[in-house]
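**Student:** So the protein lines, in turn, are chains B and R. In terms of our numbering, the first sequence opens at residue 1 and continues consecutively. In terms of our numbering, the second sequence opens at residue 353 and continues consecutively.
Errors might be hidden in some of the hints.
As the list claims (entries may be wrong) - Some but not every residue of chain R turned toward chain B, in silico, with C-beta under 8 Å:
id, residue
1, Pro-427
2, Arg-430
3, Leu-435
4, Arg-441
5, Leu-454
6, Pro-455
7, Val-458
8, Thr-459
9, Arg-502
Unchecked claim - Interface residues of chain B toward chain R, partial, derived using beta-carbon atoms under 8 Å:
id, residue
10, Glu-254
11, Val-257
12, Ala-258
13, Leu-260
14, Val-261
15, Gly-262
16, Thr-264
17, Pro-271
18, Phe-293
Since the hints were made in silico from the structure, they are not lab data. All values derive from a computational prediction rather than experimental measurement. Backbone N, C-alpha and C define an ideal beta-carbon position, used for all residues, glycine too.
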Amino acid sequence: MNDQRTIRRMQQQRRHEATRSLKDSGLSSLYARERKAVNRYWATFRQSLQGYLDNHGHTLFASLGRMWRTPVATTLTVTVIAIALALPASFYVMLKNLHQLGVVLEDSNQISLFLKPTLSDEAGMALADRLKDHPGVESVALITKEGALREFRTYSGFGEALDVLGVNPLPVVIQVRPQASLAESHEAQGLVKELQALPEAEYVQLDLQWLDRLQALLGLARHGITMISVLLSLAVLLVVSNTIRLELENRREEIVVAKLVGATHGYISRPFLYCGFWYGFIGSVAAWLFVTFMTLLVYPSVQHLSELYARELDLKFLGFIDTLGLILFASLLGVLGAWLVLMAQLYRMNPE
Amino acid sequence: MLQFNRVSKRYPDAGDVLSDVSFTLERGKMAFLTGHSGAGKSTMLKLIALIERSSRGQIILNGKNLSRLQNREIPSMRRNLGLIFQDYRLLNDRTVFDNVALPLIVTGHAHSEVARRVRGALDKVGLLNKEKRYPLGLSGGEQQRVGIARAIVNKPPMILADEPTGNLDPDLSQEIMRMFAEFNSHGVTVLIASHDLALIEAMDYPVLRLDHGRLVESRREAESPRLPESRREAESLRLPESP
Ligand SMILES: Nc1ncnc2c1ncn2[C@@H]1O[C@H](COP(=O)(O)OP(=O)(O)O)[C@@H](O)[C@H]1O
Ligand SMILES: [Mg+2]
Chain B
1 MNDQRTIRRM
11 QQQRRHEATR
21 SLKDSGLSSL
31 YARERKAVNR
41 YWATFRQSLQ
51 GYLDNHGHTL
61 FASLGRMWRT
71 PVATTLTVTV
81 IAIALALPAS
91 FYVMLKNLHQ
101 LGVVLEDSNQ
111 ISLFLKPTLS
121 DEAGMALADR
131 LKDHPGVESV
141 ALITKEGALR
151 EFRTYSGFGE
161 ALDVLGVNPL
171 PVVIQVRPQA
181 SLAESHEAQG
191 LVKELQALPE
201 AEYVQLDLQW
211 LDRLQALLGL
221 ARHGITMISV
231 LLSLAVLLVV
241 SNTIRLELEN
251 RREEIVVAKL
261 VGATHGYISR
271 PFLYCGFWYG
281 FIGSVAAWLF
291 VTFMTLLVYP
301 SVQHLSELYA
311 RELDLKFLGF
321 IDTLGLILFA
331 SLLGVLGAWL
341 VLMAQLYRMN
351 PE
Chain R
353 MLQFNRVSKR
363 YPDAGDVLSD
373 VSFTLERGKM
383 AFLTGHSGAG
393 KSTMLKLIAL
403 IERSSRGQII
413 LNGKNLSRLQ
423 NREIPSMRRN
433 LGLIFQDYRL
443 LNDRTVFDNV
453 ALPLIVTGHA
463 HSEVARRVRG
473 ALDKVGLLNK
483 EKRYPLGLSG
493 GEQQRVGIAR
503 AIVNKPPMIL
513 ADEPTGNLDP
523 DLSQEIMRMF
533 AEFNSHGVTV
543 LIASHDLALI
553 EAMDYPVLRL
563 DHGRLVESRR
573 EAESPRLPES
583 RREAESLRLP
593 ESP
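Construct the complete structure from the given sequences, taking the supplied hints into account.
**Tutor:** If you want it as structure tokens, here you go:
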């Protein structure tokens, strides 16, 4: 392979010389000389640019290669970073799903109107018909005494106790869905008052209070997650810093020699900054995998919930923007962690 | 090229290691720096290479006052120096080629350029066939030649060598010294610290002698008869008259 390279280089050189001699013989005007100077300028520029790119690209992947050569240490570091990132990220996903649940419930806007127990199914049906024509009502559903009993038997497990009673003590229930959202509009509140005033009404129940509580809890959780995120980001920063510090220590000799032959701090820092970047990047990709995996694990329970509420609850994953944000943020954290150590260590390392 | 003006260097725990040193080394000349162990030879070279800073006096290198130089200017200064060490300072986990390439890599030369120059430098020290070897697989003399190739690969106008033959047998030492003489004949300024008096005697260059941090003597052309050509060489080294 090396031979091939040599041959190629020789060919290039010969071609180069051929063109040069051509130019020298034919064109000796000022114009040609000027053009040659410009060409030379461009050649130097291209060469230094090429050198710069060679160097950056090479360093970027060389630092990855270096990490690859110490698989155990690298895996450990990356895993710690991934866990530290996955924790807040998975809380965040959980919150997103709970929030969605809250929205769905709020949207359900159900008012349960329990009629007096003495009233019959027929009376209930008549009332339901009347309510259907009410302008504030979107739809009504009737649960007959029989239906309520069936439901009770299925879900409570106290079926036998009712058998002992001999009569059905359960009232007729009309489920009213208002036009407007319960949480927001006065009209809906007015409807609730109207229902309460009905002579047939025993009790009106809103699914609202515990929704408020859920919202409050979610708000609290959001604050908690923010705090945990800050702490764990700090942890990521420290993990990267410490890893880079050890790496600096290991490569002290190399750094000293590089300094002696005229390397700038910028040049020496570069591989370590890239290394920090890789830790953040790979760690966040691993974190994404963790979170996605965990989300898939809870999929069955979400489906169960969907069935209970007879609603389509689609499972929320870490979204595209969130994932992008996570990866960017973690990569930046990695670079920052490396940079902090370099600032602290490199300038103290002799020789200057 | 290089001028010391009443330079002193004090270490907190060793006192004055160099005191009141003054001399001038002109561009394109070669000189030896000698003296007993601990006389301050290495310290002097470290001051020139900005590995240490002088405590007093001024050092002028290429028209720049080194005491006033900012830290961030040091790398560009060092690129004009080829440094050679007694213990070679090679990176043992890198091939001979990569070791020699280092000064070019850190200055961001393109790969093609690097390969051409590295082979040129290795050719000069006669190690062209060893570019894929690792330093620890080479003899002492070969390792030192790798160190020399690394020092000359970016064609610095000045070479500083600290006991370059300290670990080598006399024959190898002579060969190395001949190499320096050849670089010098191509216009490179060379300063070699060495306590190998026999070797220095055998060569016809001016000598700076340090004793406990003081410059006590410079061997002038008067001590041994010289050809006119080498006389000029000797005069390139100027010491102020002692008070
Ligand atoms: N970093 C240092 N700190 C304190 N003392 C030092 C340091 N470097 C060298 N010295 C002292 O300076 C003196 C001169 O050292 P050096 O220049 O290495 O001598 P040489 O190279 O001529 O043998 C020695 O006495 C040594 O102990
Ligand atoms: Mg020494």
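**Student:** For which of the previously enumerated hints does the structure constitute a violation, in increasing order of number?
**Tutor:** As far as the earlier hints go, 17 and 18 are violated by this structure, in ascending order.
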